[in-house]
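There are 2 protein chains.
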Amino acid sequence: MNNCFIVEGKKSITEFLESDYDLIKLFSVDRSFFSKIENQVNIDNSLLKRISFLINPDDHVAIFKLNDVKPIDNNNLIVALESISDPGNLGTIIRNCEWFGVKDVICSKDSVDCFNPKVIQSAMGSVSRINITYLDLCSYLKSSKTIKIGTSLNGKSIYKHHKSFDNGILVFGNEANGISSDLFNLMDYNFSIPRFHNNKFPESLNLASSLGIILSEIRRKSI
Amino acid sequence: MNNCFIVEGKKSITEFLESDYDLIKLFSVDRSFFSKIENQVNIDNSLLKRISFLINPDDHVAIFKLNDVKPIDNNNLIVALESISDPGNLGTIIRNCEWFGVKDVICSKDSVDCFNPKVIQSAMGSVSRINITYLDLCSYLKSSKTIKIGTSLNGKSIYKHHKSFDNGILVFGNEANGISSDLFNLMDYNFSIPRFHNNKFPESLNLASSLGIILSEIRRKSI
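Quick mapping for you: the protein sequence lines, in order, are chains D and R. Residue numbers for the first sequence follow my numbering, so the first one is 20 and each next one is one higher. Residue numbers for the second sequence follow my numbering, so the first one is 20 and each next one is one higher.
These aren't lab readings, by the way, just hints derived from the structure by calculation. The reader is advised that the hints may include incorrect statements.
Since the list can't tell identical chains apart, any single copy or any two copies may satisfy a pair.
Unchecked claim - Quick list of in silico lysine-lysine cross-link-like pairs, BS3-like style, CA-CA up to 25 Å:
#, residue 1, residue 2
1, 164, 122
2, 182, 55
3, 219, 240
4, 55, 219
5, 219, 137
6, 44, 161
7, 240, 137
8, 89, 44
9, 179, 240
10, 175, 128
This one's a predicted model, so the numbers in the text were calculated from it and none came from an experiment.
In isolation and in its complexed conformation, chain D is listed as follows (with noise of 0.2 Å):
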C-alpha cells in the first residue's frame, strides 16, 4: 500500500487521531480502547506480532494516509538536519523541537524517512504535529533570505551569544560527519557548546542532545 505509514501504540495512535491526518484502518486485539473508531478491524495476537514492527506489540496497529506537503512557515524559528540516518535521533529530534516551539522540520532529501516505525516511535506522537519537508537542503538555503545558524564542534560558544532568533534555519549535520562543507559556507553563525573539562572525550554529544540544549539555549534569551 503506498502513501501511508504505520503507528504503533496507545498514546501516539491516539495523537494521530487527534492531528490532521487521516486513519485508514485501525488494528486492534481489543476493540475496547478505541471504541469510538468505526474503521477497527479485529485481530488475534499472532497476527499482531506478524504486523507490528515492536518487539512488545501495544494491542493496536493504525495505518494513516500521508498528507499533502505543506508550505514552510519563514517566520518561526526552522530546524534543518542534513543526512540525518538514525530513526531514534530523528524522532527525539522531532519531539524536542516541539517542545520548543519550532513547527517546521526539513530533511535533506537523504535523511532517514520520518514515518519511518521507529522515528514515529520515539518522537511520541510528535511526527502528527511537526511540519517536516524533505528537500534539496542546499538549494533551499541557498535560495533563502533568513538568517542560517550552523552548528559544529569549533563555533562560537552558544553561552557566548546574547540575542534569541525568532526566526532563522538552526542547522544540524549528519551523527558522524557535521554540517558537509557545501552547506556550512552558507551559515551566518557558527556555534558549539563547550566541554566543562580539558580532555578530548567524547569527541561529541548525542545529535539530539545536542540539538536540545541549542534550542533551549535560543529560546532561554526569548524570556
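With chain D's structure known, arrange chain R on it following the hints.
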C-alpha cells in the same frame, strides 16, 4: 565467562584500551588496526557475526574485565538515575555527563546494566572513563548530606534559578514515571524545563536530552 563485558567498534575499543580496564581478549577479522595488541585472536567474518551484537559488526569484538567499584567523589556534581530502563538512553546520559564534567553516575539497582552492549555503544567510550555505581538509591540519598536536585514536569523553571551547583546530586527518574515519591520527598530542589508554547504536547522531553539541557544550564551558570 563472569566479571567481563564486550566492547565493539574500533573507536570504543581504542578508548577502553586507553582506560584502566584490562583487556581479556580481542577478536579481530583484521589484526592490522590493533597491530600492537598481543592478546588478539584471528576470527573470520562468520564467527564475528555470531559473537557480535551489531547488525553490521566492525571487524573487532573485545572482552574486558570488570573493575572493582571505586568510591564516589561527593565534592563534585553527581548524577543519580532511578530505574532507567532504556540502554540507549543510559549510554547517551553517560556521554552527556562526561561532556559536562560529571565524573560519578549513580544508578538504582533496578536500572539497566551499564555494561549492556547497547549502553557501551551509545556511550561512545564514555563508560570507560565515568565512575558508575549501582546501589540502593533511596538509602544513599537518605544518608547523604549533599544537596539533592530533583527534576520533574512540575518544578521551578531551571531558567529562573541563577546559581550554579559545584556539588550536589542531580536526580532523574524512570523514562515513563519520573522520580518515585519516596525519592522525591528527599529533594532540596525540584526543577523543570518549561515548554515554549501553550499546548499540552509533547507530554515530556526525551530523558537524555532533558539531562543534557539541565546539565548545560547548571554549568553555564559557573562560567
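Problem set entry | Numbered hints the structure breaks, given as an ascending list | 2, 6, 7, 10
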